[in-house]
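Heads up: the protein sequence lines correspond to chains F and V, in order. Just so we're aligned, residue 1 is where the first sequence starts under the working numbering, counting upward by one. Just so we're aligned, residue 1001 is where the second sequence starts under the working numbering, counting upward by one.
The hints are simulated quantities; they were obtained by calculation from the structure and are not laboratory data. Be aware that a few hints might be false.
What the hints assert, rightly or not - Listed next, the in silico DSS-like pairs over lysine-lysine satisfying Cα-Cα at most 30 Å (straight line): (1) V:K1104 - F:K104; (2) V:K1199 - V:K1038; (3) F:K104 - F:K148; (4) F:K288 - F:K298; (5) V:K1017 - V:K1038; (6) V:K1053 - F:K288; (7) V:K1148 - V:K1203; (8) V:K1031 - F:K31; (9) F:K396 - V:K1054; (10) F:K403 - F:K31; (11) F:K403 - V:K1401; (12) V:K1013 - F:K38; (13) V:K1038 - F:K13; (14) F:K31 - F:K73; (15) F:K396 - F:K104; (16) V:K1203 - F:K403; (17) V:K1294 - F:K403; (18) V:K1401 - F:K38; (19) V:K1396 - F:K246; (20) F:K298 - F:K203; (21) V:K1081 - V:K1246; (22) F:K288 - F:K277; (23) V:K1203 - F:K13; (24) V:K1163 - F:K288; (25) F:K246 - F:K298; (26) F:K53 - F:K38; (27) V:K1396 - F:K403; (28) V:K1396 - F:K277; (29) V:K1038 - F:K31; (30) F:K396 - V:K1104; (31) F:K403 - V:K1298; (32) F:K163 - F:K38; (33) F:K403 - V:K1073; (34) V:K1203 - V:K1053; (35) V:K1017 - F:K401; (36) V:K1031 - V:K1148; (37) F:K31 - V:K1203; (38) F:K401 - V:K1288; (39) V:K1163 - V:K1199.
As the structure is a computational prediction, the values presented were derived from the model and not from experiment.
Listed below are the residues making up each chain.
Number of protein chains: 2
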Amino acid sequence: MTILTNTDRAYDKALRKIVTRSRTQGAGVEKSVRTILKAVERGGDRAVLRYTKKFDRLALKLDHMRVTPEEIKEAYYHIRKDEGDSLRYAAERVRQFHERQRTKTWMYQEQNATLGQMVTPLDAVGVYVPGGKAVYPSSVLMCAIPAKVAGVRRIVMCTPTPKGEINPYLLVAADIAGVDEIYRVGGVQAIGAMAFGTKTIAKVDKIVGPGNIFVATAKRLLYGTVGIDMVAGPSELLVVADDDAKPAHVAADLLCEAEHDEDAQVYLVTTSASLAKEVVRLIQVQLKGLQREKIAAKSIARHFAAFVVPTMDEAIEVANAIAPEHLTLSVDRPFDYLEQVRHAGALFLGRYTPPAVADYVAGPNHVLPTGATARFFSPLSVNDYVKVSNIVHYTKEELTKAKDHIVRLAHIEGFDAHAKSAQSRFA
Amino acid sequence: MTILTNTDRAYDKALRKIVTRSRTQGAGVEKSVRTILKAVERGGDRAVLRYTKKFDRLALKLDHMRVTPEEIKEAYYHIRKDEGDSLRYAAERVRQFHERQRTKTWMYQEQNATLGQMVTPLDAVGVYVPGGKAVYPSSVLMCAIPAKVAGVRRIVMCTPTPKGEINPYLLVAADIAGVDEIYRVGGVQAIGAMAFGTKTIAKVDKIVGPGNIFVATAKRLLYGTVGIDMVAGPSELLVVADDDAKPAHVAADLLCEAEHDEDAQVYLVTTSASLAKEVVRLIQVQLKGLQREKIAAKSIARHFAAFVVPTMDEAIEVANAIAPEHLTLSVDRPFDYLEQVRHAGALFLGRYTPPAVADYVAGPNHVLPTGATARFFSPLSVNDYVKVSNIVHYTKEELTKAKDHIVRLAHIEGFDAHAKSAQSRFA
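With the rest of the complex left out, here is chain F (with noise of 0.2 Å):
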């Protein structure tokens, strides 16, 4: 935990080092990975069963790897009836807040041609949902609700059940988000069998959706075999506090970031050096206590730094350098500052938005680009699930005015069977 003013010596070397944050990760576990997905290619269901006993110790059997609709019921009465208000509330919102990035189809004419595109959602898209200590229904509703309002026709979940017992909420989420099929599989098996297809789970167009670093690696393996959302890492959080910030609310929001994991990455941007000061004496003093408090301190003893600028002008352009996942703004007037931010997955506004409101409630996906990534990923959106066919329409009329420019420029190319492809339309 430094403080660095950028008249330090240090600040510079200290800022590099974050702007600089590996991308891609993975390039040690690509090999075991590989020999995971080529397996699961190979071998389909009977690679899958053989990973998820040798990984998650569990003895699946082949018809038991399809969650059915019996279980899915039983999950409401296994969580409380306010948690599932709850559920149902987040999904709402998160619905409302994509049905805006809907784009359609368009067409236009110009004299006698007709040009557009045509946008179409994907057939089938596969959500990775990880295991382990914790789940996160709040993900399952972030990745399948802008698959259902693209109008994707078959949405299927995998994620990983050690023990064989799927947790409820997670169920209770994916019923709510609409999703089509349910599987008990994790792990690099998962994404394998969403990619290549199995007789059980037939493939998908796009896997998306967090996981460790060995399901990242998969999904960067094989995309353009399938689409994939983006290459994530661990969560990131850069406040950018002016003098009138209060360090409490300060301290608390880098925490819920940092208590993600040993290796989510959060900072500090003030124009005042107090408040610098008093947010890294309450970090320590809110760490207390934390359910999560050893991997919040390990991300904060691994990786907390905070910068003194002398303006906000200068905050702003630290925040440009380290384009990070998640960018708090807590100052007076945010929106003032919105021209000059390039890069950031998302922004948090204001005084009364903590990243908990954005994670769970707000409407805005919360599977955003991380690792410096936000230079040129965008977050999680409908435009994931679907694309686009260009659509091209010339009358004979409008072939004549242009094929004089088509022949002279298939010519330049050296390319006359292409001349003569407009050509032939006059012969």
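Knowing the structure of chain F, use the given hints to seat chain V on it.
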């Protein structure tokens, strides 16, 4: 060149072979691509020059990597005026089409919350332009103009120059399109230089454009380190023709795509057995004397198949199963079939839309998904050159209303620091 009717035993097998054609390629070349990328990441310019000498047999000097403004000016003297006019005509049409793809930042108030998404252009993109026997100024336009429309500040172009001379058409096209920096560097070393940055070539955020298997593999391996447009393979055209289609036009269209590459894949699906026969005959006739006769003949011999089906509905189903890069509907009332088409990179509708019109002058992008990836990838567009940041702003009143849901969902997921980040505002 086989003609198969859907009652033939071989029909299903032949169709299945096309449907399952490999999407990702280049596993065999991965090792050498990795070696070059690593060398460029570590060695910068020196490694770039070393590989340029090795692969392009060009003893390039450091201060000669970048093309000068004078060289660009001079290029105009090496092309005819009407050729320049045709490039400008194409550029203008491409620009006009892509202007319509622009997406804007939007926000809305919902009670006391503000939600939305902010759209910002990428800072810098790299356009790869293949060298070798053929040159493609049209691809320079297709890759660079949408970047310009998106508002990208820095557009870099890399292209190999085996004799140190850069093709004047490429320079003029780059100049018309608004490319900012041009380097006479190609191959994997160019992709590495743009992805990692060297002293001479600053890093970019996304790399687009076609390339051979080595370039395509380099882009795929770097996905996540930088953005890439898609994983592109050999060209494809599927012509759906009804009984009234003109066999000579269909044959010319198929050859237009076949002349691209020995592995270009062209197919015919028709309701007319006699048309299929006549197209097959005319392909042989039209092949004779083409500049690229050998390449087109090999593509036809290796890959061409004609499928005869009983109905237009079934023809469209075959097209959907194949998910071709280009889909020509040489039918009466082609617009009637749009709703049935699910997977195609681009649709060429009617009797007077030869592929060349869309390759060069229609306006929609000609960088399109191949190898059945039209199931999940979209044509290159302005969207490739922007990214989104989600926007969330809550007020105290709105957070008060949402707080209990946030706390409940955080506890479901075992994240009490998440709950506290909301609760801290009310402490």
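The hints, checked one at a time:
For the given pair, K1104 of chain V sits about 15 Å from K104 of chain F by alpha-carbon distance, which is consistent with the 30 Å threshold. Straight-line distance between C-alpha atoms of K1199 of chain V and K1038 of chain V comes to about 16 Å, which keeps the hinted pair within the 30 Å bound. Distance restraint check for K104 of chain F and K148 of chain F: the Cα-Cα separation of roughly 15 Å lies within the 30 Å cut-off, and the hinted pair is therefore satisfied. This hinted pair checks out: K288 of chain F and K298 of chain F have alpha carbons roughly 13 Å apart, not beyond 30 Å.
Between the alpha carbons of K1017 of chain V and K1038 of chain V the distance comes to roughly 36 Å, so the proposed pair goes past 30 Å and is violated. Pair hint K1053 of chain V plus K288 of chain F does not hold up; C-alpha atoms about 61 Å apart against a cutoff of 30 Å. For the proposed pair K1148 of chain V and K1203 of chain V, the alpha carbon gap of about 18 Å is at most 30 Å, so the pair holds. The straight-line distance between the Cα atoms of K1031 of chain V and K31 of chain F is roughly 13 Å, inside the 30 Å bound, and the hint therefore holds.
Restraint check for K396 of chain F and K1054 of chain V: not satisfied, since their Cα atoms lie roughly 50 Å apart, outside the 30 Å limit. Our distance criterion of 30 Å between C-alpha atoms is broken by K403 of chain F and K31 of chain F, whose separation comes to about 53 Å. Between K403 of chain F and K1401 of chain V the alpha-carbon distance is near 64 Å, which puts this suggested pair outside the 30 Å criterion. At most 30 Å may separate the alpha-carbon atoms for a hinted pair to count; K1013 of chain V and K38 of chain F meet this at roughly 24 Å.
Restraint check: the Cα-Cα separation between K1038 of chain V and K13 of chain F comes to about 24 Å, which is no more than 30 Å; the hinted pair holds. Of the pairs offered as hints, the one joining K31 of chain F and K73 of chain F is violated, with about 40 Å between alpha carbons and a cut-off of 30 Å exceeded. Annotation: proposed proximity of K396 of chain F to K104 of chain F holds, straight-line Cα distance about 28 Å (limit 30 Å). For a cut-off of 30 Å, the pair hint linking K1203 of chain V to K403 of chain F is broken: about 40 Å separates their Cα positions.
Proposed proximity of K1294 of chain V and K403 of chain F is supported: the alpha carbons are some 26 Å apart, at most 30 Å. Distance check on the hinted pair: K1401 of chain V and K38 of chain F sit about 50 Å apart at the alpha-carbon level, beyond 30 Å; violated. A distance of roughly 14 Å separates the Cα atoms of K1396 of chain V and K246 of chain F; the hinted pair therefore holds under the 30 Å criterion. Proposed proximity of K298 of chain F and K203 of chain F is contradicted: the alpha carbons are some 39 Å apart, above 30 Å.
The suggested pairing of K1081 of chain V with K1246 of chain V is violated, with an alpha-carbon distance near 35 Å, which exceeds 30 Å. Between K288 of chain F and K277 of chain F the CA atoms are separated by roughly 18 Å; this keeps the pair inside 30 Å, and the hint holds. In summary, the hint linking K1203 of chain V to K13 of chain F is supported, as the alpha carbons are separated by about 19 Å, within the 30 Å threshold. Of the supplied pair hints, the one linking K1163 of chain V and K288 of chain F is violated, its CA atoms being roughly 67 Å apart against a limit of 30 Å.
A distance of roughly 24 Å separates the Cα atoms of K246 of chain F and K298 of chain F; the hinted pair therefore holds under the 30 Å criterion. Under the criterion of a C-alpha separation no larger than 30 Å, the hint pairing K53 of chain F with K38 of chain F is consistent with the structure, at around 17 Å. Between K1396 of chain V and K403 of chain F, the direct Cα distance comes to roughly 63 Å. Violation of the 30 Å bound is thereby established for this hinted pair. Among the hinted pairs, K1396 of chain V with K277 of chain F is consistent with the structure: their alpha-carbon atoms are about 26 Å apart, no more than 30 Å.
Restraint check for K1038 of chain V and K31 of chain F: satisfied, since their Cα atoms lie roughly 18 Å apart, inside the 30 Å limit. Of the supplied pair hints, the one linking K396 of chain F and K1104 of chain V is violated, its CA atoms being roughly 36 Å apart against a limit of 30 Å. Restraint check for K403 of chain F and K1298 of chain V: the C-alpha separation of about 28 Å stays at or below 30 Å, so the hint holds. A hinted pair counts as satisfied when its Cα atoms are at most 30 Å apart, and K163 of chain F with K38 of chain F qualifies at roughly 26 Å.
Distance check on the hinted pair: K403 of chain F and K1073 of chain V sit about 28 Å apart at the alpha-carbon level, within 30 Å; holds. Of the pairs offered as hints, the one joining K1203 of chain V and K1053 of chain V holds, with about 22 Å between alpha carbons and a cut-off of 30 Å not exceeded. Note on K1017 of chain V and K401 of chain F: the hinted pairing is violated, with a Cα-Cα distance of about 40 Å set against a maximum of 30 Å. Distance hint between K1031 of chain V and K1148 of chain V is unfulfilled; the C-alpha atoms sit about 35 Å from each other, more than 30 Å.
Restraint check for K31 of chain F and K1203 of chain V: satisfied, since their Cα atoms lie roughly 28 Å apart, inside the 30 Å limit. Simply put, K401 of chain F and K1288 of chain V have alpha-carbon atoms about 28 Å apart, close enough for the 30 Å limit, and the pair holds. About 24 Å separates the Cα atoms of K1163 of chain V and K1199 of chain V, which keeps this hinted pair within 30 Å; it holds.
When the structure is compared with the earlier hints, violations turn up for hints 5, 6, 9, 10, 11, 14, 16, 18, 20, 21, 24, 27, 30, 35, 36 and for no others.
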